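Enquirer: Chain by chain, the residues:
Protein chains: 2
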Amino acid sequence: MDLKELGEFGLIERIKEALGGPMPDGVLGIGDDCAVLPQAGGMETLVSTDMLLEGSHFLRGDIPARLLGWKSAAVNFSDIAAMGGRPVGSFLSLGLPAGLDSDWMDAFLAGYKECSQYCGAPLLGGDTTTSQDGIAINVTVIGQCQRGRSRKRSSAVPGDLVCVTGPLGDSAAGLKLILERHALSERHARLDRASQMAGQAGHDAEAGQDAEAGQDAEALVERHYRPVPRVSEGQALAATPGVHAMMDISDGVASDLRHILKASGVGAAVRTQDVPLSAELRRVCAQQGWDATTLALTGGEDYELLFTMAPGTEPPVPYFVIGTITKEKTLVWEGSSQDFIGFRHF
Amino acid sequence: MDLKELGEFGLIERIKEALGGPMPDGVLGIGDDCAVLPQAGGMETLVSTDMLLEGSHFLRGDIPARLLGWKSAAVNFSDIAAMGGRPVGSFLSLGLPAGLDSDWMDAFLAGYKECSQYCGAPLLGGDTTTSQDGIAINVTVIGQCQRGRSRKRSSAVPGDLVCVTGPLGDSAAGLKLILERHALSERHARLDRASQMAGQAGHDAEAGQDAEAGQDAEALVERHYRPVPRVSEGQALAATPGVHAMMDISDGVASDLRHILKASGVGAAVRTQDVPLSAELRRVCAQQGWDATTLALTGGEDYELLFTMAPGTEPPVPYFVIGTITKEKTLVWEGSSQDFIGFRHF
Chain A
369 MDLKELGEFG LIERIKEALG GPMPDGVLGI GDDCAVLPQA GGMETLVSTD MLLEGSHFLR
429 GDIPARLLGW KSAAVNFSDI AAMGGRPVGS FLSLGLPAGL DSDWMDAFLA GYKECSQYCG
489 APLLGGDTTT SQDGIAINVT VIGQCQRGRS RKRSSAVPGD LVCVTGPLGD SAAGLKLILE
549 RHALSERHAR LDRASQMAGQ AGHDAEAGQD AEAGQDAEAL VERHYRPVPR VSEGQALAAT
609 PGVHAMMDIS DGVASDLRHI LKASGVGAAV RTQDVPLSAE LRRVCAQQGW DATTLALTGG
669 EDYELLFTMA PGTEPPVPYF VIGTITKEKT LVWEGSSQDF IGFRHF
Chain B
369 MDLKELGEFG LIERIKEALG GPMPDGVLGI GDDCAVLPQA GGMETLVSTD MLLEGSHFLR
429 GDIPARLLGW KSAAVNFSDI AAMGGRPVGS FLSLGLPAGL DSDWMDAFLA GYKECSQYCG
489 APLLGGDTTT SQDGIAINVT VIGQCQRGRS RKRSSAVPGD LVCVTGPLGD SAAGLKLILE
549 RHALSERHAR LDRASQMAGQ AGHDAEAGQD AEAGQDAEAL VERHYRPVPR VSEGQALAAT
609 PGVHAMMDIS DGVASDLRHI LKASGVGAAV RTQDVPLSAE LRRVCAQQGW DATTLALTGG
669 EDYELLFTMA PGTEPPVPYF VIGTITKEKT LVWEGSSQDF IGFRHF
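Residue numbers (my numbering), protein chains in the order written: chain A, 369 to 714; chain B, 369 to 714.
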């Protein structure tokens with residue numbers, strides 16, 4: 369059997385079976401945003417790791433190195449935020465092709481530093497090595513929180529409200545715009561070659577359309593490239609007793625909420641019309657003929673926090689209620705006749 | 369400038385410049401085998417990370433998946449050993465080509481588990497993702513020790529004895545044998561194709577020579593593929609007051625000792641004839657015409673511990689004295705007219 373048949377979650381299950389086993393006291397292993405390790409002095413260490421590979425997660429020509437640096441750090445600190453922890457530091461492994469220009473690396477590091485400073489967590493170590501293929505990046509982040517305060521995926525209870533910390537779908541729409549530009553620039557390159565051969569002017573008319581693409585599109589692209597880890601929101605939510613389960617939205621609510629439901633042994637009803645959408649997303653979707661709700665529920669990479677809380681809880685951060693946790697172990701999309709499936713890695 | 373010109377240590381310096389900065393109290397960042405983070409209760413957390421890429425660190429056809437699994441864990445736990453820590457757990461990121469057979473992964477995981485169990489540290493988390501190129505592996509290990517007990521590279525003092533925990537050079541000789549076999553099997557494949565075309569028997573005579581390669585060669589290949597992290601030795605050394613500086617030997621004494629000398633602001637005189645060599649290495653080198661001392665000092669990947677200690681210290685582990693720390697900031701190879709340079713990554 370090849371890995372594609374197994375699928376990402378099948379693969380994780382296989383790894384858990386092969387390597388899992390009884391955990392030492394107080395240790396939370398595979399299956400949440402971070403692992404949790406108890407410390408002697410009433411604190412807990414949180415650890416998470418993520419790998420980003422050229423060709424799978426990014427195309428070198430499509431994402432500026434500085435933004436890739438930011439994003440590499442951000443998606444990891446988001447896992448610390450998802451547990452309600454305070455970021456402590458990070459570790460960066462870089463596999464770089466020998467012929468890569470050092471300017472690329474300097475820009476990458478500048479972006480990585482920006483995000484690290486934003487999160488208040490210095491680089492503490494790492495590894496550098498030559499890659500025979502594309503760029504390989506692995507980030508491990510360390511966080512900490514008071515013992516018993518970190519929020520897991522497994523704590524949702526029937527009757528909880530399902531909430532998110534911000535509008536969804538912007539990042540997915542940004543990615544669609546980036547991919548369209550990529551296709552367009554390839555077309556331009558072909559046109560350029562053709563017009564050079566014919567001695568004619570190329571794609572001026574289309575370049576004019578590019579210039580009109582506008583601020584909305586730029587805002588969405590920025591949100592795809594430069595997600596903001598919700599570290600202060602996560603800590604504030606973890607300090608609020610009525611907040612139960614929590615995770616960050618990396619694969620889309622449709623996929624991520626299922627993790628909370630499975631881990632907690634519950635179901636949910638989501639009111640699709642209550643899913644928060646930015647004005648930029650609504651306008652771009654209207655213009656492009658895209659379904660904003662589908663993007664918001666399935667697109668992923670928003671890195672907002674998804675959490676459940678007892679009715680009546682008043683967390684000290686902005687939030688949007690999108691549904692309710694149910695005893696029935698089903699996921700119902702109210703206000704829509706379709707099912708939503710999140711991003712699959714394999 | 370491309371990265372090759374910068375070199376590995378130039379690259380690390382660049383990263384330190386770009387991302388370094390004042391560390392929080394009690395935190396040791398980039399520059400040793402592990403980062404050290406203080407805990408509230410009189411303990412310290414140790415963290416190290418390493419990336420292994422197909423084509424740079426291993427060839428899929430040359431190393432059995434099970435041994436690659438062992439080695440991926442071992443080289444990381446060796447960093448915990450190098451500081452004198454107790455391994456607590458590990459995090460594994462795997463970038464895998466979509467068409468890879470799941471048998472490969474199962475064997476890899478089995479080897480990874482063997483080493484993790486040997487070190488007493490379970491897998492606590494990780495990441496799995498698709499690779500468009502070769503296999504990418506990143507391991508992060510977490511360890512712990514009593515505050516103030518971890519051994520750094522910067523603590524060597526003039527007059528210290530320079531010691532290693534075991535014979536050196538076996539792994540480098542093992543790698544040379546593997547590469548020769550690789551070249552030989554490619555030759556066989558060419559011969560097979562040629563003899564198929566000519567309708568003749570191929571390489572029976574050479575296959576006979578292979579069978580005679582013998583147990584010595586197997587032992588050296590095993591030591592390359594299956595290095596044993598010196599975790600109990602490292603903890604015993606860290607518990608011995610006279611032991612000063614410590615690190616593990618990954619790039620060869622010639623390279624690694626220079627890190628201790630630079631970090632400590634001292635020099636050393638190494639008696640090359642005192643460098644411990646296994647009987648297997650001596651015999652294979654005699655047979656192949658290789659210089660065992662050069663392999664022992666420059667080859668790397670032995671994962672023995674290199675440490676310095678005050679004369680008269682009696683650490684409770686086997687060790688070999690190979691030289692003395694000097695006030696003069698030079699590295700002198702006594703008993704040899706040549707200079708030795710360790711492995712360079714870029």
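Fair warning: there could be bad hints in the mix.
Short, incomplete list of chain B residues facing chain A, as computed with Cβ under 8 angstroms [what the hints assert, rightly or not]:
| id | residue |
| --- | --- |
| 1 | Gly-394 |
| 2 | Val-395 |
| 3 | Thr-413 |
| 4 | Ser-416 |
| 5 | Ala-504 |
| 6 | Leu-559 |
| 7 | Asp-560 |
Over 12 angstroms on every C-beta distance to chain B, these chain A residues come out as not near it, computed from the model [said to hold, decoys possible]:
| id | residue |
| --- | --- |
| 8 | Gly-378 |
| 9 | Leu-379 |
| 10 | Ile-380 |
| 11 | Ile-398 |
| 12 | Asp-400 |
| 13 | Pro-406 |
| 14 | Ser-424 |
| 15 | Ser-484 |
| 16 | Asp-501 |
| 17 | Leu-529 |
| 18 | His-627 |
| 19 | Arg-639 |
| 20 | Lys-697 |
| 21 | Val-700 |
Hint data in this document are derived by calculation from the structure and do not stem from the laboratory. The structure displayed is predicted, hence computed values, not measured ones. Beta carbons: idealized from backbone N, C-alpha and C, even for Gly.
Enquirer: Indicate, hint by hint, whether the structure satisfies it.
Expert: Hints, verified against the model:
1. Gly-394: violated, 12 angstroms
2. Val-395: holds, 7 angstroms
3. Thr-413: Since chain A brings a Cβ to about 6 angstroms from B/Thr-413, closer than 8 angstroms, the hint holds.
4. Ser-416: Holds. Min distance 7 angstroms.
5. Ala-504: Check passed: Cβ of B/Ala-504 comes within 5 angstroms of chain A, closer than 8 angstroms.
6. Leu-559: Nearest chain A Cβ about 27 angstroms off; hint violated.
7. Asp-560: violated, 27 angstroms
8. Gly-378: violated, 9 angstroms
9. Leu-379: violated, 5 angstroms
10. Ile-380: Answer for A/Ile-380: violated, closest chain B Cβ roughly 6 angstroms.
11. Ile-398: violated, 5 angstroms
12. Asp-400: Violated, because the least Cβ-Cβ distance between A/Asp-400 and chain B comes to about 8 angstroms, which does not exceed 12 angstroms.
13. Pro-406: violated, 10 angstroms
14. Ser-424: It is violated; A/Ser-424 is separated from chain B by about 5 angstroms at its closest Cβ, not greater than 12 angstroms.
15. Ser-484: Non-interface label on A/Ser-484 violated, nearest chain B Cβ at 7 angstroms vs cutoff 12 angstroms.
16. Asp-501: violated, 3 angstroms
17. Leu-529: Fine: 29 angstroms to the nearest Cβ keeps A/Leu-529 off the interface.
18. His-627: holds, 14 angstroms
19. Arg-639: Nearest chain B Cβ is 32 angstroms from A/Arg-639, so the label holds.
20. Lys-697: With a cut-off of 12 angstroms, A/Lys-697 remains clear of chain B, as the shortest Cβ separation is near 26 angstroms.
21. Val-700: holds, 30 angstroms
Checked against the numbered hints given earlier, this structure breaks hints 1, 6, 7, 8, 9, 10, 11, 12, 13, 14, 15 and 16; the rest are met.
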